[in-house]
Amino acid sequence: MKSISLYEEKGSILNKLAPESKILYIILALVLPAIVGSKMVSVVFIAISIGLLLFSKVLKKTIPILGVSGFVLLTVVIIQGLFRAGNVTPLLTLGPVIFYKEGLLFAFNIVVNVLNILLSFCVLILATKPSDMIENFVRKGFSPRFGYVFISVFQIIPQMTETMATITDAQRSRGMETEGNLLVRIKAFLPLISPVVMSSLINTKERALALEVRGFNAKNKKTFLNDEKKSSADKYIQITMILLLIAGIVWRVVGCLK
Amino acid sequence: MDNNKILEMKALHFSYTEGDEILKGLDFVIDERSTAIIGQNGAGKTTFVKLLKGLLRPTSGSIHFEGNDIANMTVAQLAKHIGMVFQNPNDQIFKNRVIDEVMFGPLKIGMAESVAKQKADEALELVGLKDLAEKNPYDLGLSSRKLVAIASIIAMDTKVIIFDEPTIAQDYHGKELIKSVIRKLRFEGKTVITIIHDMDFVADTFERAIVFAKGNILLDGTTRDVFAKEDILKEAYLEQPNVTKLCQSLGYDEVFLTTEEFITYQKAKAK
Ligand SMILES: Nc1ncnc2c1ncn2[C@@H]1O[C@H](COP(=O)(O)OP(=O)(O)OP(=O)(O)O)[C@@H](O)[C@H]1O
Ligand SMILES: [Mg+2]
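Chains as they are written, first to last, in my numbering: chain A, 1418 to 1675; chain B, 618 to 888.
In short, the hints are calculated from the structure, not lab data. Certain hints may be false.
To be verified - Ranges of calculated distance between the beta carbons of each label pair, as one might list FRET restraints:
# : chain 1 : residue 1 : chain 2 : residue 2 : range
1 : A       : N1598     : B       : N833      : 41 to 47 Å
2 : A       : I1603     : B       : T881      : 55 to 61 Å
3 : A       : I1482     : B       : E730      : 50 to 56 Å
4 : A       : E1425     : B       : A786      : 26 to 32 Å
Stated by the list, open to error - With a Cα cut of at most 20 Å, we get these calculated PhoX-like pairs of lysine-lysine:
#  : chain 1 : residue 1 : chain 2 : residue 2
5  : A       : K1604     : B       : K725
6  : A       : K1647     : A       : K1546
7  : A       : K1456     : A       : K1518
8  : A       : K1604     : A       : K1433
9  : B       : K851      : B       : K831
10 : B       : K712      : A       : K1604
What the hints assert, rightly or not - Now the stretches of chain B that chain A is said to cover, found in silico as 3 or more residues with beta-carbon under 8 Å:
#  : segment
11 : 689 to 698
12 : 705 to 718
13 : 765 to 777
A virtual CB, placed ideally from N, CA and C, is assigned to each residue, including glycine.
With these hints in hand, go ahead and build the complete structure from the sequences.
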């Protein structure tokens, strides 16, 4: 079954860390630059993220993600660089086109922020199994019902695409055209979608029964099938990150008081 | 008549992902005999019949239907000649009335409304669901829904009919019904190909058996010849039909496929 999650087990250090450490990393990467008020901090975090991803052998998987946003960022750079109100200092002249320093700086800030957000999230998403993350939340007191809902999304969507493929095959086998112009596709839609919906409903009912049989609603304390995902380094990493955060806040407060 | 080439496979190779070959060069002919395809889970049986339907295309080699390479036909065109009943009827059924469901395929392949209605009625009659024609298929049990799915392919009146696991969820009565349907189709000159794990059913119903194992054909012959080869069947993780096993253990040299056969033999001997 194809997975919709971007995660891949590579046995890397990032794979072995607890999901919380990676979530904390995202928070740190996003909040610390704001607290300290320097774009340089964001740049440092971008470098750290790239380093971590490279080390975990998943940097290549960020390319499609960066590719899409890269296009948008490029237009931001061009438009701000050329037309931003307050552009006065020409920096770069390409024939008749003049890029201004103010606009480019503004665009640079946006690019840095976006890259920082994307890459730090990649550190979590590309190296964490969704169900591990949610199980750890449940361990920390998150409702198992909601946990189940989130986990099942990752199972049900691939299952539905698979069912959809089988159903498409079954209807094509009965002579239905599913490829062609819009009208052909619209006409094909009903015979395809109603079995999908019906079988999802049937599945849901059976799933509910199966869960109940295994005591899903039981009031007792629940145990977990999988071991908690964490390593001995996690505690130190988390403490370090929290200390960094506190240090940032203190530095800023002291700076303000002066 | 039995030697008509209905379907001919020539050096048929197929893989879903490169380097992991599922079908490893099949060369054989399917004629008008009713044919059972048997083999362990994952042997490539479903993959093979999907190739016949054009739902998958060979990575190399070719399939010919009545002499024409099916590579030149679309799935919709092939549907006029080769029908297939999928394993799970829920993947197919979408109309609110049984009769509409059964008429959908015939209408899609270009039958006139009146002809389609007539074929649908006949098909429902054949599977014993004539009285349920106006019912909603979702109000029927799984075994009846399966029969609706079977009827809706039979109504398309194709030369070749493929069943993937037709006996799943069927009780004795249902199995006997499907047996009679297969025999009747055969009698009408249709080529029936069936993927199936129930060896007693195979022994009783089919003239020819083809054993798939790891993407190759391990055995191919009349049902009797195939089921005589206990050792090779074991190699493919298959069992002989119960009667065959029993009589072999009892030391009979003959190969019996059904209880009736054995009883007739014993009675004749007693006389
Ligand atoms: N869509 C697919 N993508 C990749 N591999 C597949 C796909 N469908 C089937 N396979 C693989 O191809 C092999 C043959 O599968 P196939 O479904 O043809 O077996 P089968 O003989 O029909 O088995 P069964 O008796 O369980 O129905 C299996 O190893 C299966 O995992
Ligand atoms: Mg199969």
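Results for each hint:
| no. | hint | result |
| --- | --- | --- |
| 1 | A:N1598 x B:N833: 41 to 47 Å | 42 Å, holds |
| 2 | A:I1603 x B:T881: 55 to 61 Å | 59 Å, holds |
| 3 | A:I1482 x B:E730: 50 to 56 Å | 53 Å, holds |
| 4 | A:E1425 x B:A786: 26 to 32 Å | 38 Å, violated |
| 5 | A:K1604 x B:K725 | 12 Å, holds |
| 6 | A:K1647 x A:K1546 | 13 Å, holds |
| 7 | A:K1456 x A:K1518 | 16 Å, holds |
| 8 | A:K1604 x A:K1433 | 49 Å, violated |
| 9 | B:K851 x B:K831 | 14 Å, holds |
| 10 | B:K712 x A:K1604 | 14 Å, holds |
| 11 | 689 to 698 | holds (count 4) |
| 12 | 705 to 718 | holds (count 6) |
| 13 | 765 to 777 | holds (count 3) |
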